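If you want the building blocks of each chain, they are given just below.
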Amino acid sequence: MKSYTYYPGCSSEATAVGLDISARSVAEALGMELKELEDWNCCGSTPYGSLDELEAIVVAARNLALAEKTGLDLVTPCSACFVTLNKARVHMMEKPQLKAKVNEALAAANLEYKGTVKVRLLIEALMADITTQQIAAKVKNPLKGLKIAPYTGCQEVRPRFGFDHPENPVALDSIVEVLGAEVVPYPSKCKCCGGSAVIAEEGLTLELMYRLLDDATKNGAQCIVTPCPLCQMNLDAYQGKVNSKFNAKFNLPVLFVTQLIGVALGLKGDKLGLNKNIINPNKVLAKYL
Amino acid sequence: MGKTQAMNFVNEVSQVPGGEGVNLCMQCGTCTASCPSAKIWEFTPSEIIAMVRADMRDEVLSSSSMWCCLSCYSCTVRCPRDVKPTNLFHSLESLAIKHGYKPQNTNTPAMYNSFVKSIKKNGRVSEFNMMMGYYLSTNPFAALGMMSVAWNLLSHGRMPLSARKIKGKNDLDKIIKKLEDIRGDQ
Numbered sequence: 001m002k003s004y005t006y007y008p009g010c011s012s013e014a015t016a017v018g019l020d021i022s023a024r025s026v027a028e029a030l031g032m033e034l035k036e037l038e039d040w041n042c043c044g045s046t047p048y049g050s051l052d053e054l055e056a057i058v059v060a061a062r063n064l065a066l067a068e069k070t071g072l073d074l075v076t077p078c079s080a081c082f083v084t085l086n087k088a089r090v091h092m093m094e095k096p097q098l099k100a101k102v103n104e105a106l107a108a109a110n111l112e113y114k115g116t117v118k119v120r121l122l123i124e125a126l127m128a129d130i131t132t133q134q135i136a137a138k139v140k141n142p143l144k145g146l147k148i149a150p151y152t153g154c155q156e157v158r159p160r161f162g163f164d165h166p167e168n169p170v171a172l173d174s175i176v177e178v179l180g181a182e183v184v185p186y187p188s189k190c191k192c193c194g195g196s197a198v199i200a201e202e203g204l205t206l207e208l209m210y211r212l213l214d215d216a217t218k219n220g221a222q223c224i225v226t227p228c229p230l231c232q233m234n235l236d237a238y239q240g241k242v243n244s245k246f247n248a249k250f251n252l253p254v255l256f257v258t259q260l261i262g263v264a265l266g267l268k269g270d271k272l273g274l275n276k277n278i279i280n281p282n283k284v285l286a287k288y289l
Numbered sequence: 290m291g292k293t294q295a296m297n298f299v300n301e302v303s304q305v306p307g308g309e310g311v312n313l314c315m316q317c318g319t320c321t322a323s324c325p326s327a328k329i330w331e332f333t334p335s336e337i338i339a340m341v342r343a344d345m346r347d348e349v350l351s352s353s354s355m356w357c358c359l360s361c362y363s364c365t366v367r368c369p370r371d372v373k374p375t376n377l378f379h380s381l382e383s384l385a386i387k388h389g390y391k392p393q394n395t396n397t398p399a400m401y402n403s404f405v406k407s408i409k410k411n412g413r414v415s416e417f418n419m420m421m422g423y424y425l426s427t428n429p430f431a432a433l434g435m436m437s438v439a440w441n442l443l444s445h446g447r448m449p450l451s452a453r454k455i456k457g458k459n460d461l462d463k464i465i466k467k468l469e470d471i472r473g474d475q
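From first to last, the protein sequence lines stand for chains A and B. Numbering follows my numbering, with no gaps: position 73 of the first sequence is 73. Numbering follows my numbering, with no gaps: position 64 of the second sequence is 353.
Treat the hints with care, since some could be wrong.
Claimed, not checked - Partial chain B-side listing against chain A, Cβ under 7 Å, derived:
| id | residue |
| --- | --- |
| 1 | 414 |
| 2 | 433 |
| 3 | 436 |
Claimed, not checked - Derived DSS-like pairs (lysine-lysine); straight-line CA-CA distance at most 25 Å:
| id | chain 1 | residue 1 | chain 2 | residue 2 |
| --- | --- | --- | --- | --- |
| 4 | B | 387 | A | 118 |
| 5 | A | 118 | A | 2 |
| 6 | B | 463 | A | 114 |
| 7 | A | 99 | B | 328 |
| 8 | B | 328 | A | 69 |
| 9 | B | 454 | A | 35 |
| 10 | A | 2 | A | 95 |
| 11 | B | 328 | A | 191 |
| 12 | B | 409 | A | 69 |
| 13 | B | 328 | A | 95 |
Unchecked claim - Pairwise CB distance ranges, derived in the manner of DEER restraints:
| id | chain 1 | residue 1 | chain 2 | residue 2 | range |
| --- | --- | --- | --- | --- | --- |
| 14 | B | 446 | A | 283 | 16 to 22 Å |
| 15 | A | 142 | B | 462 | 50 to 56 Å |
| 16 | A | 97 | B | 344 | 25 to 31 Å |
| 17 | A | 220 | B | 425 | 43 to 49 Å |
| 18 | A | 246 | B | 462 | 41 to 47 Å |
| 19 | B | 371 | A | 128 | 38 to 44 Å |
Hints are computed from structural coordinates only; laboratory data are not their basis. Predicted model only: the values in this text are computed from it and were never measured. Cβ atoms here follow ideal geometry from the backbone N, Cα and C, with glycine treated the same way.
Start from the sequences, fold in the hints, and give me the full structure.
This is the structure in structure tokens:
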């Protein structure tokens, strides 16, 4: 059993609690030991860096320094944490003076970041270390006949820390296929859902979401699958708002990829946080649960 | 760095983490063509970069443009000169804040502020506190339009009302305080 330092991220305690629950269950079922990083703090996400880039790096670096002590790879299920922690890591790697300054600040709490931590996405670690063959071997309920629109989102592939093609990601497709489900191609697969702009620029983001939901539905998808907490929250919790604004009738469940894997592995709904989904997925998944 | 000092704006930007690529831009417009939010930018992504290069410091830093960036990184993967525009726009945001600019026609800075306040208070973001802070600092009545979404999240156990504080909150404070003391002009 391979061990990892697990960094859940703040959304795992709230809007993406279903991601955290399912990530832990699936990891256990597939033989990954996740040891939660002791007393982690928020990675800072986009907002912190936008207000104060240097302070944001220092705040992210506390996590990197804590994680480095464990000697294990850090894995996170959250695409945004993945990007933010990696951004801080690379800034320090490329700019020794900046790293020295960060370490001077960290020293105030008796911490030091040497620069050895690997920051990985849980789903990438699943694919690289466990392998899709191993996952396939453990599938108990093949998701035969289930039509899925895979939605990778932006953060996982585009900021150059990703493991997949930035404009034609296929990793998620391969997981969906390994589980026995059918991948639905749709044109807006790589388009942004609007992310956190849903708060301050709701009009624009509802348009972006409408396009995604419309494309996925028109191409026959019965549900959307994503690894990203923000994409899932937007498309799930705001689907009603999209319907109101565009006079539409979408009722498309949006699952975390770890929830989908869990269903195929035969894990029970409560181990996957399926009751946290707003658009109820039970009807679509009934055959496989 | 004030206007009176010798450093021109493009150099100032290039020294903020993320702003390093500003000198590489050749104005091909690929960023603007790739941007899913370009239509709401006051000046388009490529325009705002051109304005940095033209030393239009005030116009850039007071603009709402870069605050419209969704961080989708489409421009970053397509930019033929590796400008990394997404990071560049975020560096412009942080310069604007540092120098006290208050861009009009965008609530994004208020949202970001509320987010960071939540981190500084507890070490982690409480999404509920963040949203409350945001609506109180912008338009409390707009929160009414959010009732359906809030209810969706609350009723599915996805919006805890209480925030959890990390044990190392004092350490985090010390780290941030120390940085303040040593950062100099950065």
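Against the structure, the hints:
For the restraint placing residue 414(B) at the interface with chain A, the shortest Cβ-Cβ distance is roughly 4 Å, inside the 7 Å limit, so the hint holds. Evaluation of the residue 433(B) hint against chain A yields a violated restraint, the C-beta minimum of about 13 Å exceeding 7 Å. The criterion of a C-beta within 7 Å of any C-beta in chain A is not met by residue 436(B), whose closest approach is roughly 11 Å, and the hint is violated. For a cut-off of 25 Å, the pair hint linking residue 387(B) to residue 118(A) is broken: about 31 Å separates their Cα positions.
Using a Cα cut-off of 25 Å, the hinted pair residue 118(A) and residue 2(A) holds, with the two alpha carbons roughly 15 Å apart. Between residue 463(B) and residue 114(A) the CA atoms are separated by roughly 20 Å; this keeps the pair inside 25 Å, and the hint holds. Restraint check for residue 99(A) and residue 328(B): the C-alpha separation of about 38 Å exceeds 25 Å, so the hint is violated. Simply put, residue 328(B) and residue 69(A) have alpha-carbon atoms about 46 Å apart, too far for the 25 Å limit, and the pair is violated.
Distance hint between residue 454(B) and residue 35(A) is fulfilled; the C-alpha atoms sit about 20 Å from each other, no more than 25 Å. Distance check on the hinted pair: residue 2(A) and residue 95(A) sit about 32 Å apart at the alpha-carbon level, beyond 25 Å; violated. With a C-alpha separation of about 15 Å, the suggested pair residue 328(B) and residue 191(A) falls inside the 25 Å cut-off, and the hint holds. With a C-alpha separation of about 24 Å, the suggested pairing of residue 409(B) with residue 69(A) holds against the 25 Å cut-off.
Distance check on the hinted pair: residue 328(B) and residue 95(A) sit about 35 Å apart at the alpha-carbon level, beyond 25 Å; violated. Checked against the hint of 16 to 22 Å, the C-beta distance between residue 446(B) and residue 283(A) comes to roughly 20 Å, which is consistent with it. With their beta carbons about 52 Å apart, residue 142(A) and residue 462(B) fall inside the hinted range of 50 to 56 Å. Remark: the range hint 25 to 31 Å for residue 97(A) to residue 344(B) is upheld by a beta-carbon distance near 26 Å.
A hinted range of 43 to 49 Å for the beta carbons of residue 220(A) and residue 425(B) is consistent with their spacing of about 44 Å. For residue 246(A) and residue 462(B), the Cβ-Cβ distance of about 46 Å falls inside the hinted range of 41 to 47 Å, so the restraint holds. In this structure, residue 371(B) and residue 128(A) break the distance hint of 38 to 44 Å, their C-beta atoms being roughly 26 Å apart.
The structure fails hints 2, 3, 4, 7, 8, 10, 13 and 19 (numbered hints given earlier, in ascending order).
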